[in-house]
Structures are given as structure tokens and as C-alpha cells.
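Asks: Here my numbering is used: the first residue of the sequence shown is 1, the next is one more, and so on.
Some hints here could point you the wrong way.
As the list claims (entries may be wrong) - Each pair of labels, with its calculated beta carbon distance range:
1) A80 / G17: 31 to 37 angstroms
2) A13 / P58: 39 to 45 angstroms
3) G101 / A50: 15 to 21 angstroms
4) E34 / L10: 23 to 29 angstroms
5) A54 / G123: 34 to 40 angstroms
6) A94 / R27: 19 to 25 angstroms
7) G93 / L11: 15 to 21 angstroms
The hints are simulated quantities; they were obtained by calculation from the structure and are not laboratory data.
Beta carbons are placed, not taken as given, at the ideal position from N, Cα and C, and that holds for glycine.
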Amino acid sequence: MIAAIAIPNLLNAIDRGKQKRTMADLRSLGTAIESYSIDENNYPVVSTMANLEAAVEPLYIRTAPTTDGWTNGIIVASIATEYTVCSGGKDAGACGNDAAGAVTSFNDSITFANGQFVQWPEGAQQ
1 MIAAIAIPNL LNAIDRGKQK RTMADLRSLG TAIESYSIDE NNYPVVSTMA
51 NLEAAVEPLY IRTAPTTDGW TNGIIVASIA TEYTVCSGGK DAGACGNDAA
101 GAVTSFNDSI TFANGQFVQW PEGAQQ
């Protein structure tokens, strides 16, 4: 009976940790992109993580994270005037399909754009 209570709580805690790691990694990528823009006077023009790595490593970030907490690939889109880095969430869904603001499912996207989170986990997660 204790296992019936403890195991779901443990799994939920593991996924919360993966969300936190993902948020930290997206914020780190955003900081690297912002640092690049200070030196270059614009954001790097990239559409893949490989291109972003080439632009920001090792000067702005030692090693750019390429996967989120669930080991799904991080999505990046950056033009000279704006950028977005995104995790599709636990289910690796498409980025940007969820409403902006706080999300309540581990499957929802987590999105960092132009220096701030536009989709982020908040409250109890399912």
C-alpha cells in the first residue's frame, strides 16, 4: 500500500527535476545567445542546434546543452533580431503548440525567447 503512494510521488518528483534542468539549460542557451548579441550587435542566425553550437561555443558557453531533461532534442530558431529555444516537454511534442504562459503538464512545451520564458511549468503538474 505504501508503494502505491510512494511510486507515483517519486515519478512526479523525477519529472519535476527534469523540468527544472530543462529550464536551466534553456536559460543558459538564452544567456549565451544574449552574450553573442552584445559582441556581434545581433543574434546569431541559426535554425539548428549544431549551428548554434558553432556560434556560441566555447566563447559564450563551454558546452551548449543539446537535449532537455528527458533527452529530447532542444529546438532553436534565431534570426538577427529575435530568438527562441524550446523543449517539447516529456512527450517531445512540437514547440509552440501550447498557449503562452504557465503550463501544467509535463508534456507541455517549455519556451525561452528573447531573454524570458514565454511558456513555463507552474503549479501542480500532471
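Asks: State for each hint whether it applies.
Replies: Going down the list of hints, with the structure as the test:
{"no.": "1", "hint": "A80 / G17: 31 to 37 angstroms", "verdict": "35 angstroms, holds"}
{"no.": "2", "hint": "A13 / P58: 39 to 45 angstroms", "verdict": "34 angstroms, violated"}
{"no.": "3", "hint": "G101 / A50: 15 to 21 angstroms", "verdict": "31 angstroms, violated"}
{"no.": "4", "hint": "E34 / L10: 23 to 29 angstroms", "verdict": "36 angstroms, violated"}
{"no.": "5", "hint": "A54 / G123: 34 to 40 angstroms", "verdict": "38 angstroms, holds"}
{"no.": "6", "hint": "A94 / R27: 19 to 25 angstroms", "verdict": "21 angstroms, holds"}
{"no.": "7", "hint": "G93 / L11: 15 to 21 angstroms", "verdict": "19 angstroms, holds"}
The structure shown violates the earlier hints numbered 2, 3, 4.
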